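Working from the sequences, and respecting the hints, build out all of it.
Chains A and B are the protein sequences, given in the same order.
According to my numbering, the first sequence is numbered sequentially starting from 40.
According to my numbering, the second sequence is numbered sequentially starting from 1219.
Please note that a few of the clues may not be correct.
With a Cα cut of at most 25 Å, we get these calculated BS3-like pairs of lysine-lysine [unchecked claim]:
no., chain 1, residue 1, chain 2, residue 2
1, A, K107, A, K95
2, B, K1259, A, K44
3, A, K110, B, K1262
The hints are simulated quantities; they were obtained by calculation from the structure and are not laboratory data.
Owing to the predicted nature of the structure, the values given are computational and were not obtained by experimental measurement.
The residues making up each chain are set out below.
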Amino acid sequence: DQQVKQNSPSLSVQEGRISILNCDYTNSMFDYFLWYKKYPAEGPTFLISISSIKDKNEDGRFTVFLNKSAKHLSLHIVPSQPGDSAVYFCAASGNTGGFKTIFGAGTRLFVKA
Amino acid sequence: DTAVSQTPKYLVTQMGNDKSIKCEQNLGHDTMYWYKQDSKKFLKIMFSYNNKELIINETVPNRFSPKSPDKAHLNLHINSLELGDSAVYFCASSPGQTYGYTFGSGTRLTVV
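Set out below in structure tokens:
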């Protein structure tokens, strides 16, 4: 039962353009959402988060948007850089019977120079 | 100076063996976790400890036993290893349950 879904396994974007990574969730008890970035042979690195009381959070080139009614969030990277090429994991947490952070399957982003 | 360090990075072992993976964090975080990344690349929570106390224990075979001697360490011991245990195991820590995690670089376990 996938409570956090990233339906695009991969995304390819030209350098300088916007990258938009999408994530859907099913459990309405989730109230905190995070994005992680992962390079090969390394652990995931925390990128940005958003609480359910907000609909947008921005940090430099990275912005996360949350649409609670649609149970959807997205990560925008502007402008995209070749160094952004990595796997991006969406994650959600909340008091769903113990606080757990549930991860999506990841989206591999390729930024072409 | 590595914030969350796991050892070993690679582990190849035969079925039926018992092995341990060690994890240490120097961030002063209260909460530590073990996640398993399977062949489909999903990251699944296995265990979570808060100040040495077990707070999350997912549906994991009891061949897996976590041990937290202090809040900076969370080790994972696996008995009677099976082929299906082959995966990458990640340790992580956080200041609390609603904060981003700091992950270790992972331990790739291969059971042959």
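Check: Hint by hint, which ones does this structure get wrong, listed from lowest number up?
Finding: none
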